[in-house]
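Take these sequences, add in the hints, and give me the full structure.
Counting from 1, one number per residue, gives the positions in the sequence shown under full-length UniProt numbering.
The reader is advised that the hints may include incorrect statements.
[What the hints assert, rightly or not] Cross-link-like lysine-lysine pairs, in silico, PhoX-like; alpha carbons within 20 Å at most:
| no. | residue 1 | residue 2 |
| --- | --- | --- |
| 1 | Lys123 | Lys174 |
| 2 | Lys158 | Lys123 |
| 3 | Lys580 | Lys543 |
| 4 | Lys376 | Lys433 |
| 5 | Lys16 | Lys462 |
| 6 | Lys174 | Lys212 |
| 7 | Lys433 | Lys206 |
| 8 | Lys443 | Lys206 |
| 9 | Lys123 | Lys199 |
| 10 | Lys212 | Lys433 |
| 11 | Lys580 | Lys539 |
| 12 | Lys158 | Lys199 |
Everything labelled a hint here was simulated from the structure, so no lab data went into it.
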Amino acid sequence: MSDRARTAYINFPDAKAHNVPYEAPPTPQNPVIKGRPLAFLAALVENVPLLPTILYRNAGFAGLRSLSELDGVVPRFDPTVIRLPQPSDGVPTDEPQYASLRVPPRDAPGRFYTIADYHDAYKSGRLTPSDVAEALLLLVRRDIANRSPHSTAFIDSKADIAREAAAASTKRWKDGKPLGLLDGVPFGAKDDLDVKGYKRYIGSTKDYTEGKEVETSWCVAKVEEAGGLMIGKLSMHELGMDTTNNNPNWGTPLNPYNSSYYTGGSTGGGAYAVASGLIPFCIGSDGGGSVRIPSNYCGLYGLKPSHGRVSTEPLQSSDNSVTVRGPVASNMADLEVSYRVLAIPNPSDHTSSRFSPPSPLGIPSSSPSKTLGIPKDWFDRADPPVQQACHAALQYLISEHGYTTIDIDIPLLREGQMAHAMTILAETTANIKSLAGLTPPNKILLSVSRATPATDFLLAQKLRQLLMQHLAHLFLTHPGLIIVTPTTPNAGWPIGDGELSHGMTDGNTQVRNMEYVWLANFTGMPCIQFPVGYVEPVKGEGKIPVGMMGAGVWGSEEELIGFGYDGEEWLNTGYGGGRKRPEGWVDALRG
1 MSDRARTAYI NFPDAKAHNV PYEAPPTPQN PVIKGRPLAF LAALVENVPL LPTILYRNAG
61 FAGLRSLSEL DGVVPRFDPT VIRLPQPSDG VPTDEPQYAS LRVPPRDAPG RFYTIADYHD
121 AYKSGRLTPS DVAEALLLLV RRDIANRSPH STAFIDSKAD IAREAAAAST KRWKDGKPLG
181 LLDGVPFGAK DDLDVKGYKR YIGSTKDYTE GKEVETSWCV AKVEEAGGLM IGKLSMHELG
241 MDTTNNNPNW GTPLNPYNSS YYTGGSTGGG AYAVASGLIP FCIGSDGGGS VRIPSNYCGL
301 YGLKPSHGRV STEPLQSSDN SVTVRGPVAS NMADLEVSYR VLAIPNPSDH TSSRFSPPSP
361 LGIPSSSPSK TLGIPKDWFD RADPPVQQAC HAALQYLISE HGYTTIDIDI PLLREGQMAH
421 AMTILAETTA NIKSLAGLTP PNKILLSVSR ATPATDFLLA QKLRQLLMQH LAHLFLTHPG
481 LIIVTPTTPN AGWPIGDGEL SHGMTDGNTQ VRNMEYVWLA NFTGMPCIQF PVGYVEPVKG
541 EGKIPVGMMG AGVWGSEEEL IGFGYDGEEW LNTGYGGGRK RPEGWVDALR G
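Below is the structure:
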């Protein structure tokens, strides 16, 4: 990217290299607490005035005060960098190019159904959207006798709303007037989004709509307007404040590949539903890897868009500088199609409306850059099985698609992760009026967050600025650079004894689990995750999926989608045995 190319952006950071030698984080020594001891600790933290401050310092949040590199750096509170529309961009259209969809071959091993399969079933008359809706409602509803185990992934399903939408779609197909690719295709939305007719719990027991009728969030409404069939609201980790999706309030969906493992959070209900075959895609949110971690754990495809790219109005997200909405899908074609709908600019949203519109539905995505940046010292912190799976995928991309890798350095990664954690906790805490009714882990987290001094928060935003300056330097030096890491350094998260009924807090694994994902949230970059293999479990039956991530310059979703397609080819054709489906996968189009 040339300096001239920067004129295509608003708020592009000043490019400046910050050369700070990599320093691996120390091994955290936080105890794993669950059950009654956890409830007792939460009560102490909530009621003993000095205890949150002690825990705040023990967690290392005060460590930014010693960074001389932050001297003279101006804080940056908003990571939004807007890529403006360009003459070369495609013109959005409501007429999708069906023939251009790059769906996996029908004989591909472990093949999941795609949006195209639903389209074909409806077009042929073999099934109707009403047929599919009725079959799925039996599996996902909580309010029926003999409820299915699959229903744990859903907080609520409004049968009357789903049936009405399915009937309307069925009539359109019968009349030969479908709205397009998504007409009648089932999907779900994470519980932190507003949907008309539904309450919003954000994984808690409190109705955050306060009993009021809400307007459907823009990104959900766009899918419904395209004919998408909303099956229900998906479960999540309470307030999105951890990465397991453990939820004693609503139940914890177990990983479809191995029921002794978590699905990952906080979009864990959505990842379960997609990996189980119930729906081909869902709308999730990602403030610290919450789309990419569950996609990784459940062998799926996930996209964290550029900050501000996907509108959530009427929900106000301007007070959260790390969280975005994005899709989780069973394959790249569905990830691409769903992203293009979610990213339709919202004219009433000051940020979303200024982004370049996505390319038309079904048009092949841009070819990715062939330069992959590897922060080697950071990359090498992943567990050996994860590294092996990622390196095998990289070798395929190099040999079969002409990619090259270069070594890159990113400064202050250990401190940056702490700054991101401090920021997301503080921003969440500012929006939660009361801790009453929350689970013990969140009472502890938010009580500690309330001890954050303004000076430390400002230092965190200085570090955000420094990181974005360095990333701008990398992107200007290496046009089209994609920064590649494992998605998580660990292969899945086994469920411990007694954790599902009362919850648990395991800061050690949580911090390690987020070692790579936080950077894209904190700096606003888009980032894609795709599965690259499967490894042996340490517990239970069933191999555990392993994923790899690519992050690009702000607004480079098109190029990342192209990179994802190349990664999908590796799994389908280059990986030994090809893609795997969970044993309990649901054949939603069986008829």
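Outcome of the hint check:
As the CA atoms of Lys123 and Lys174 are separated by approximately 9 Å, the hinted pair is consistent with the 20 Å bound. Between Lys158 and Lys123 the CA atoms are separated by roughly 26 Å; this puts the pair beyond 20 Å, and the hint is violated. In summary, the hint linking Lys580 to Lys543 is supported, as the alpha carbons are separated by about 9 Å, within the 20 Å threshold. As the CA atoms of Lys376 and Lys433 are separated by approximately 43 Å, the hinted pair breaks the 20 Å bound.
For the proposed pair Lys16 and Lys462, the alpha carbon gap of about 14 Å is at most 20 Å, so the pair holds. Distance restraint check for Lys174 and Lys212: the Cα-Cα separation of roughly 36 Å exceeds the 20 Å cut-off, and the hinted pair is therefore not satisfied. In summary, the hint linking Lys433 to Lys206 is supported, as the alpha carbons are separated by about 12 Å, within the 20 Å threshold. The straight-line distance between the Cα atoms of Lys443 and Lys206 is roughly 14 Å, inside the 20 Å bound, and the hint therefore holds.
Among the hinted pairs, Lys123 with Lys199 is inconsistent with the structure: their alpha-carbon atoms are about 34 Å apart, more than 20 Å. Among the hinted pairs, Lys212 with Lys433 is consistent with the structure: their alpha-carbon atoms are about 18 Å apart, no more than 20 Å. Proximity of Lys580 to Lys539 is assessed by CA-CA distance (about 19 Å); at most 20 Å being required, the pair is judged to hold. Between Lys158 and Lys199, the direct Cα distance comes to roughly 11 Å. Compliance with the 20 Å bound is thereby established for this hinted pair.
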